[in-house]
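Please assemble the complex out of the two chains, which come individually in their own frames, going by the hints.
Here's the letter readout for the chains.
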Amino acid sequence: MAYSHYILVCGGTACESSSSKKIYDNLKAEAKALGVENEVQIVQTGCFGFCEKGPIVKVLPEDSFYVNVVPEDAHDIIAEQIVKGREVPRLLYDKNKKSTEDVSDIPFYKKQLRIVLRNCGVINPESIEEYIARDGYLALEKALFEMTPEQIVQEVKDSGLRGRGGAGFPTGLKWDAGLKAKGDEKYVVCNADEGDPGAYMDRSTIEGDPHSVLEAMTICGKAIGSHHGFIYIRAEYPLAVHRLEVAIKQATEKGLLGKNILGSGFDFDLEIRLGAGAFVCGEETALLRSIEGKRGMPTPKPPFPAQAGLWGKPTIINNVETWANIPVIITKGASWYNKIGDADSKGTKVFALTGKIANSGLVEVPMGTTLREIIFEIGGGIKNGKKFKGVQTGGPSGGIISDAELDTPIDYGALIRMGSMMGSGGMIVMDEDDCVVDIAKFYMEFCVDESCGKCSPCRIGTRQMYTILDKISRGNGTMQDLQKLEDIGSAMKACSLCALGQSAPNPTLSTIKKFHEEYIAHIQDKKCPAGKCKHLLTFFITEKCIGCGACARQCPANCISGEIKTRHVIDQTKCLKCGACERTCKFHAIEKK
Amino acid sequence: MTLEELRKLRNQMKTEVEKRETAGKTIQVIVGMGTCGIASGAKETFNTFLKLIDEKGLADRVMLRQTGCMGLCAHEPTVEVIAPDMPRVIYGDVKADVAKEIVEQHIIGKKLLDNLIIDKPAADIMAKK
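So the sequences go chain by chain: A and B.
Going by our numbering, the residue at position 422 of the first sequence is 422; the numbering climbs one at a time, nothing skipped.
Going by our numbering, the residue at position 56 of the second sequence is 56; the numbering climbs one at a time, nothing skipped.
In isolation and in its complexed conformation, chain B is listed as follows (with noise of 0.2 Å):
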């Protein structure tokens, strides 16, 4: 192996084990897994978005993690989204087509999808004070 060629892999496996880490992520996408969910085709949603942050090079941003149901069942699947100064908000309906729209609009592009937005996260009333 030469020098450019350890190089080149070290960067590539970076981000390989860059995904395990949970420390300085700052984008959390959580997928709704409730039985509802994963009904209305959430694990397909959820594919999308592991491939998309690994396409658009997110994955030391981004953590994508999933969660039961967000009571929300009549538009799964529900994705929550939290990102720095912006406000938390929960998508519905959200299909592959949808997906993609997300990353590159509100996690890229910072801007909220107005249209899509069907709720806000209930206040935690676990959270500590």
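Chain A extracted, bound-state conformation (with noise of 0.2 Å):
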């Protein structure tokens, strides 16, 4: 019996923390209590991107998106949509839609290119036939039956793509020098550990479309003569690993994994690795000691691990979304994908755009796309109204990207022209109320804990460099202070074994230049424009003051005093410049500066 609609659930781990897994459930129940369970497929799928809105709901064929959907809404879409044909409008994204409207129209989709989110949303992560039916194992088949591994390899060098991790290394030449090592034994291996703060498109990608890691894998296998392939992933993503695990288990069962794959003679297994959260293991060389069994910590490069990678074998290690754009490549040819993209930089790039900004999300758009394009038309700009101060992109290892710079078209090159990386993709977008020396500090800390202690220049200099930026965001900062930050600066990007301390002080630098009078009055005016260090805070109350007595009740610190119904003062050498006093006063008589 076919079925008369289809509702698409979202399962991704932003939708499933707000009780995704519910409305499912409520929806299968619904659905057989109202005995139409047999017309309508519920399927859970891979994240849509459009976090912010979750959890999404999508009902076909109508094409109806639902947003912020409530485990009890269930009861209306089976009822209405399923039974009576109806959509529920208050549910609806566009509550004016028009029933003939598309989905792509909705202004977060309509820029978006999606090739490596092709299938998210749209399968059910957990159905290998649901991936073979979306051309899934087409690539495999191509590889396995029509091309050599030259072929292969070729195809990969001319499509121009570049390692999505980060570095932005072309994924060919890395093919090929697998390839051309001599060895007994060879290895695959996807990183999947990903931690830049704010990052989870590779998440998203595994738990949305994972076939698509299985299938470049053993395609790459086969073009460089490898028979195991190893997915180091972090423990922390328990439903990626589980739908990496189904995947496995789907694929080998179907012959699509093990020996003799498709009856091509060509065998190929894969092994999960978790990982324990280390930031450093995602640094490749880090990573293959840690898939060892050994402590995670980088090796100098050379030796590459194309030629001494896992157990000095050589080993291909690439990303998630580099993975999840090889199948696509084979299957529609390397001059379908290099048209893509622009001249540095081919194909598409996901984002996660998180921090202020409306629509918090995953995107999908072509290199080359301006950051104006990403956050102020697919993310439609900055929360609340304030004002846009700058985006910091790559995470720990990138720099803060100022509204003077929004023009610029987005690849590998430009962003690293502008003292940013790529990275894996994360983008934080950041508002009038954020302060730039806090961020910098938030992410030395971040690198001085994930630091791994191999080597003094990331060891001692990100601890350093931590201690300055502390020591000028409580004002007790000198101007020669800034001077030390660039100088350590370079010299840790100059020095450091691995691209963790290479990239550590990226944040430190690239505000420095780009918003130096901010650091300047930290130093020198001992004031924080953002108001966001609280050290440099004084908290006052204005005449607006009525006498109520409520901030005084508040105080933890027992430091506001005054007569009832008259102005009440603070005593700033007590005041902890918590901001208890300015949440509860409701006549805004509190103001800080």
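Treat the hints as calculated values from the structure; they're not laboratory data.
Cβ atoms here follow ideal geometry from the backbone N, Cα and C, with glycine treated the same way.
One thing to keep in mind: the hints can contain errors.
[Claimed, not checked] When the alpha-carbon atoms are kept at most 27 Å apart in a straight line, the in silico DSS-like pairs for lysine-lysine are as follows:
id, chain 1, residue 1, chain 2, residue 2
1, A, 339, A, 142
2, B, 51, B, 111
3, B, 14, A, 142
4, B, 14, A, 110
5, B, 95, A, 84
6, A, 544, A, 532
7, B, 120, A, 111
8, B, 43, A, 84
9, A, 527, A, 484
10, B, 111, A, 259
11, B, 111, A, 32
12, A, 32, B, 43
13, B, 14, B, 120
14, A, 254, B, 8
15, A, 387, A, 526
16, A, 574, A, 386
17, A, 332, B, 25
18, A, 84, B, 8
19, B, 51, A, 28
20, B, 14, A, 254
21, A, 249, B, 95
22, B, 8, B, 43
23, A, 386, A, 586
24, B, 43, A, 28
25, B, 25, A, 84
26, A, 332, A, 313
27, B, 25, A, 110
28, B, 14, A, 249
29, A, 84, B, 100
30, A, 332, B, 8
[Unchecked claim] So the derived list for chain B, only partly shown, Cβ under 7 Å to chain A, looks like this:
id, residue
31, 3
32, 13
33, 58
34, 62
35, 100
36, 120
The following block contains the structure:
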């Protein structure tokens, strides 16, 4: 029996944490209760990307795009739409939607081009059949039966694909080195150790479309002559791990992994390795050591992993997003792929938009799209009508991009020139209430915690830079400190063993360069213009005070005094700058500056 | 699984997943499913369409949808058919046998079933100019 309706419920981690599982269960139960369980197929899909409005439920064929759904809405969706064919207008994203309009008309989706996320929000990630239906394993067919290893490598080279893990090394060159490397045993590794604060595209890709990674790794196995692969994923991603396990099991059952794949005589198998969540293990040599069972610490390059990787054998290691591009490149051809993007970088990039942005979520755009398009057109601009200040790309390895640079087309080269980097693609948007010193301090603290300690430029440098930034944020900085930060930073960039230390100074150095006057304000005027560094703030009570005493009762330091019905005062010597009084006052009589 | 089995599975699943997609489908069959429609057997009509679209391999072109009452309660079940280069029409009293005729003649044969047309859709006053 064919289905009359399809309900796609987002099963990504973000929506699941806002009870999409319960929505799914309720929909199932309601469908059964109303006797339509054979007329509607309810599917849990991967992330739709529009996490700001989650949980998302999409009903087909009407293409109803429901946002902010709660479990109690399940009854209305089934009773109204499935039984009677009427949409539930109160849940629609666009309340004025005509029944003929498409989801792709929503501004959030309009400018996007989804290659990596092609199956996310479309198929059930736990069904290999649905992946196959969307041309899944077609690239593998082609690679196994129609192409030689050299042709596969050439195709990847011609596509212009660059590593999506951050540095943007050409994937084809890497594979070529793997193909040419001599060795009785070679390995293929997927780097799913996504650790940048605010980045979650790899997690969502695996959660929404795990088979694309499996297929790509098998193709690489054929290309370089490897029969064994590892997926290194952090244990903090239980749902992604689960979906990978299911996918590997299904692929093995169907003969798409294991011995003699599809009767081609080629063998390939995959194992999952769980990481304990150390940031440095996202660095490829540290990751390989961790797979070997050793402590996750980087080793000098060269030798590069393609020559001597896992257990000293040639190893190709790519990031999840890079892998997810491979099947499309093989199926549609390099000449199709390299028309997307700009001269420097080909294809698309997935960005995780977070921070003070109206539509936080996952967006995939062609390389060469400007930040203005991403933040203001797709992302819907800054939350609560505040002013845009900057955007941090590439997490703790990247730098801040200011509004003067918003119209630069984004690719690997352009971001480096702006003192930042692609990184994995996290984009944290900041508004006028964010203080650059505070942000630089936050990222440096992260790097102090995550530095593995093997090389001194990183171990000592991060600690020293953090100490100086902390001093500045307390109002004790001197102008020499700025010079010191730059000196230590450039030494770390030149001398650190791995990318963690080499890029850790980026947030600090880029903010010093682009928001110099804000550092000066902290050092010379002892003021924090954004009102974030609490040691530089003074809370005081204005004449709006009616003397109700509410603030005095809230104050944990008991430093507010005054007669009832007269203006109160704050004892600055005792004030902790916690801000409790400001939040309590109903008359906006407490100001900070 | 062999290569042939994989290809077979892909083709078979493709039609399954295609049914979910709305892009590229040029023909719409809309069944009136108000209380009046359902009482006159619209559900059965709907299921007949589903089955026929499946059997005749039309899933890549035809989108089957349901709507509320079209206001022609005396002639339920009512079915609106929208096909490119053909006028939009509403058929009345569409029982299973009529549904079959609509699929074979209107959708596949591109001929209107003159005797069964009872109306053309009212002008959509909400439609964008």
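For which of the previously enumerated hints does the structure constitute a violation, in increasing order of number?
7, 10, 11, 13, 16, 18, 21, 22, 26, 33, 34, 35, 36
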